[in-house]
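Engineer: Sequence lines, in order, name chains B and F.
Residue numbers for the first sequence follow full-length UniProt numbering, beginning at 1 and rising by one.
Residue numbers for the second sequence follow full-length UniProt numbering, beginning at 1 and rising by one.
Hints were generated in silico from the structure; no laboratory data involved.
Just so it is clear, CB atoms sit at the ideal spot from N, CA and C, and this is done for glycine as well.
It is possible that some hints are incorrect.
What the hints assert, rightly or not - Pulled a few chain F residues facing chain B out of the computed Cβ check, cut under 8 Å:
#, residue
1, A72
2, H74
3, T276
4, Q337
5, R340
6, I375
7, E383
8, R411
Stated by the list, open to error - Okay, derived cross-link-like pairs now, DSS-like style, lysine-lysine, Cα gap no bigger than 27 Å in a straight line:
#, chain 1, residue 1, chain 2, residue 2
9, B, K139, B, K168
10, B, K139, B, K113
11, B, K136, B, K207
12, B, K33, B, K164
13, B, K207, B, K168
14, F, K66, F, K56
15, B, K207, B, K131
16, F, K66, B, K164
17, B, K280, B, K261
18, B, K71, B, K280
19, B, K221, B, K261
20, B, K221, F, K271
21, B, K168, F, K66
22, B, K280, B, K221
23, F, K66, B, K139
24, F, K271, B, K136
25, F, K66, B, K113
26, B, K207, B, K113
27, F, K271, B, K139
28, B, K139, B, K164
29, B, K164, F, K271
30, B, K313, B, K131
31, F, K56, B, K113
32, B, K131, F, K271
33, B, K131, B, K168
34, B, K113, B, K136
35, F, K56, B, K168
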Amino acid sequence: MKLTIALAAVAAATLTSGIATAGTMADIQARGKLNCGVTGGQAGFSAPDASGVWHGMDVDYCRAIAAAVLKDPNAVNFIPTTGQTRFTALASGEIDILSRTTTWTFSRDVDLKFTFAGVNYYDGQAFMVPKSLGIKSAKDLDGATVCIQTGTTTELNLAEYFRKNNMKYEPVPVENNADVQQKYLAGGCDVYTSDGSDLASTRSSFKNPEHHIILPEVISKEPLGPLVRQGDDQWADVARWTLNALISAEELGITAENVEKLSAGSDNPDVNRLLGKEDKLGEMLGLDAEWAKRAIAAEGNYGEIFARNLGDKTPIALPRGLNAVWTDGGLMYGLPLR
Amino acid sequence: MATNSGAPRQPLRLNMLFNDARYRGRTVQVIAFCILVLSAAWLVDNTIRNLAALGKDFSFSFLWSKAGYDIAPHAIDYSSTSTHGRAALVGLLNTLIVAAMACVMATFLGVLAGVLRLSDNWIVARLMTVYVECFRNIPTLLWIIVVAAVMSEAMPAPNAFRGESPTASMLLWDSIAVTNRGIYLPVPDFSRSLGQAPGALGSFDLNYAAILAVLALSLLARWALLKHAQQIQSATGERPVTWWKSLCILIAPVVVLLYAIGFHLDYPALKGLNFTGGLQLRNSFIALWIGLSVYTGAFIAENVRSGILAISRGQSEAAHALGLSSGRTMRLVILPQALRIIVPPLISQYLNITKNTSLGLAVGYMDLRSTLGGITINQTGRELEGMLMMMLIYVAISLTISGAMNIYNNRVRLKER
């Protein structure tokens with residue numbers, strides 16, 4: 001009879017295991033930690049320091065979400081992913097959100113069934129070469145050996161660019177940024193191609209950054225942004241509006257420093273709505289009124305995050321350019337908080 | 001079993017299925033089978049449901065869409081406008097090429113080391129012991145990475161060959177360049193080339209086809225010549241001298257053909273940023289090839305040694321008594337007998353090599369794992385389909401190798417009549 005019971009147990013397990021779980025946000029709140037997929041090490045976007053603390057723009061965004069959802073900016077597990085593993089990690093539920101310099105493309109959005117929360121960095125693919133090669137333009141790269149991280153849009157753009165310009169190249173596929181650096185510095189390839197921001201970030205970690213130049217050609221549009229699985233609209237909304245809150249905060253002049261004071265109430269209704277004094281936007285998201293206040297207090301507004309990780313005062317020293325807010329001539333545009 | 005087989009047959013009752021020793025075994029087997037089928041069904045059902053929940057379907061149509069990425073090296077025509085299916089095929093060929101090369105080299109190393117480990121020379125034998133013990137006790141991946149690191153860090157960049165006083169120079173009368181991107185070798189080229197002909201997998205070179213055809217004809221002619229000589233020997237008892245005739249038959253037609261199509265060597269030369277011309281053995285290929293060969297060679301050496309040790313001493317003593325030298329004893333007496341012991345474990349080493357080629361991932365070798373199982377899966381999001389295909393292909397390759405080697409094994413094993 002024991003066997004019969006065992007069989008019944010197997011059957012029962014079979015039936016119950018099909019039942020779907022609740023939403024991602026409920027899972028995160030039950031877990032008490034946000035699982036955030038990042039790059040294994042790309043200075044300025046996400047890289048652990050000597051004591052294992054993660055820093056970077058993509059990291060700060062995850063902290064802002066954790067602050068909004070879990071009321072604790074440090075309740076984040078940072079999970080390093082490679083170009084090849086990132087989508088599987090997200091689709092399989094290993095991570096809740098992928099905040100990893102990922103280009104928003106049609107096929108990723110539509111065919112791979114992901115939802116992008118927005119763009120947190122407008123980028124474009126470029127080439128970096130050692131100055132000693134004497135190359136001034138990407139048009140002179142015929143016959144070059146090109147290091148490239150596999151499984152990226154960069155790979156496809158590269159193939160297209162060289163074909164369009166009737167040039168030949170020798171691809172050297174490499175799995176992650178650290179390997180690329182080692183290969184490129186050892187002269188295993190003439191050129192390293194990636195997003196312009198990644199090149200600047202990589203170059204900043206070289207011993208002699210001034211020995212390398214980034215060629216002027218930008219061969220693609222690479223809008224980078226965080227993404228979540230398709231089908232959980234509530235979680236996608238939290239991701240999207242946290243990003244918007246950070247950008248809007250810069251437009252409205254809310255900083256990590258003055259957010260506490262402004263949350264007591266201000267003359268600007270937009271500020272009041274964002275910080276929970278008017279309208280109850282937080283409750284519509286399934287959070288409380290102070291979600292955005294906590295998100296901004298965590299690491300500052302978009303401009304502060306940019307300045308701390310990528311700006312002039314950092315070794316990467318990227319100009320704001322397209323990533324300035326729209327009132328300063330950039331493309332960053334906080335959607336209306338109504 | 002102490003069953004009461006003499007007792008009259010009782011009608012089957014349900015509890016007898018468990019309590020009666022005659023039926024219990026079968027009952028358990030049936031139940032185990034049912035559980036297995038149920039678990040498999042559950043697994044498939046669960047997968048389909050989860051895919052549906054993610055909004056994905058199960059389809060292989062991605063194999064016919066544009067791949068968009070480049071692969072180097074490619075043994076058949078391929079460009080970034082080819083399909084994912086063709087990219088997978090290119091990857092498969094790369095896997096097979098490196099596997100075949102590694103099998104050949106590992107066998108060579110293994111037989112050499114295995115035989116030398118039994119050498120009477122103390123130093124040689126100890127050196128081989130060190131080789132075997134070092135290499136087989138350290139993971140393959142490390143060897144592959146070590147070779148790759150040595151190649152890319154210690155060898156000069158193509159730039160070093162440039163300029164008035166280059167810091168590096170080419171080997172063997174300026175024909176071979178060893179760089180940190182690989183080794184460039186001269187390749188045969190034909191100034192009056194016969195051109196290309198379209199084939200099933202892409203165009204193939206008519207020159208090589210012609211050379212192979214001529215060689216085959218020469219072999220056929222030589223076989224006829226030897227048969228003729230045999231006939232004369234049987235008839236007259238005297239064997240005509242054939243060695244220079246067979247040499248002529250083998251060499252002359254090929255030489256004439258090579259001259260006709262203008263055979264010469266195409267040397268690699270520094271042009272633009274890199275060496276061009278010649279054949280490039282990429283670092284990733286060299287690392288994988290050498291790494292796999294030296295590692296598996298150590299295992300094969302042990303197979304060979306055990307095979308040789310299994311042959312009774314009397315055999316070599318008898319051979320020595322006949323006046324055969326050690327080398328000839330090994331080649332003519334011991335090894336042929338040892339082969340039947342060596343071959344079965346050799347099969348599994350070949351399978352290991354083939355499966356381990358997927359470690360090429362670590363050094364960027366574009367094999368099946370890296371094209372179909374890497375970039376294609378990543379660009380199309382078809383993990384399940386890609387992985388299933390890859391598993392099927394690896395199983396097919398392994399079974400083919402195993403089958404072919406078993407045929408060989410049947411030929412070399414001891415015939416009992």
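Engineer: All hints are to be evaluated individually against the structure, with a verdict given for each.
Structural biologist: Hints, one by one, checked against the model:
| no. | hint | result |
| --- | --- | --- |
| 1 | A72 | 6 Å, holds |
| 2 | H74 | 11 Å, violated |
| 3 | T276 | 7 Å, holds |
| 4 | Q337 | 47 Å, violated |
| 5 | R340 | 43 Å, violated |
| 6 | I375 | 5 Å, holds |
| 7 | E383 | 6 Å, holds |
| 8 | R411 | 42 Å, violated |
| 9 | K139(B) to K168(B) | 11 Å, holds |
| 10 | K139(B) to K113(B) | 36 Å, violated |
| 11 | K136(B) to K207(B) | 22 Å, holds |
| 12 | K33(B) to K164(B) | 47 Å, violated |
| 13 | K207(B) to K168(B) | 30 Å, violated |
| 14 | K66(F) to K56(F) | 20 Å, holds |
| 15 | K207(B) to K131(B) | 14 Å, holds |
| 16 | K66(F) to K164(B) | 16 Å, holds |
| 17 | K280(B) to K261(B) | 19 Å, holds |
| 18 | K71(B) to K280(B) | 17 Å, holds |
| 19 | K221(B) to K261(B) | 39 Å, violated |
| 20 | K221(B) to K271(F) | 32 Å, violated |
| 21 | K168(B) to K66(F) | 19 Å, holds |
| 22 | K280(B) to K221(B) | 37 Å, violated |
| 23 | K66(F) to K139(B) | 25 Å, holds |
| 24 | K271(F) to K136(B) | 18 Å, holds |
| 25 | K66(F) to K113(B) | 20 Å, holds |
| 26 | K207(B) to K113(B) | 41 Å, violated |
| 27 | K271(F) to K139(B) | 16 Å, holds |
| 28 | K139(B) to K164(B) | 11 Å, holds |
| 29 | K164(B) to K271(F) | 22 Å, holds |
| 30 | K313(B) to K131(B) | 24 Å, holds |
| 31 | K56(F) to K113(B) | 8 Å, holds |
| 32 | K131(B) to K271(F) | 19 Å, holds |
| 33 | K131(B) to K168(B) | 21 Å, holds |
| 34 | K113(B) to K136(B) | 40 Å, violated |
| 35 | K56(F) to K168(B) | 37 Å, violated |
Violation of the numbered hints given earlier is confined to hints 2, 4, 5, 8, 10, 12, 13, 19, 20, 22, 26, 34, 35; the remaining hints are satisfied by the structure.
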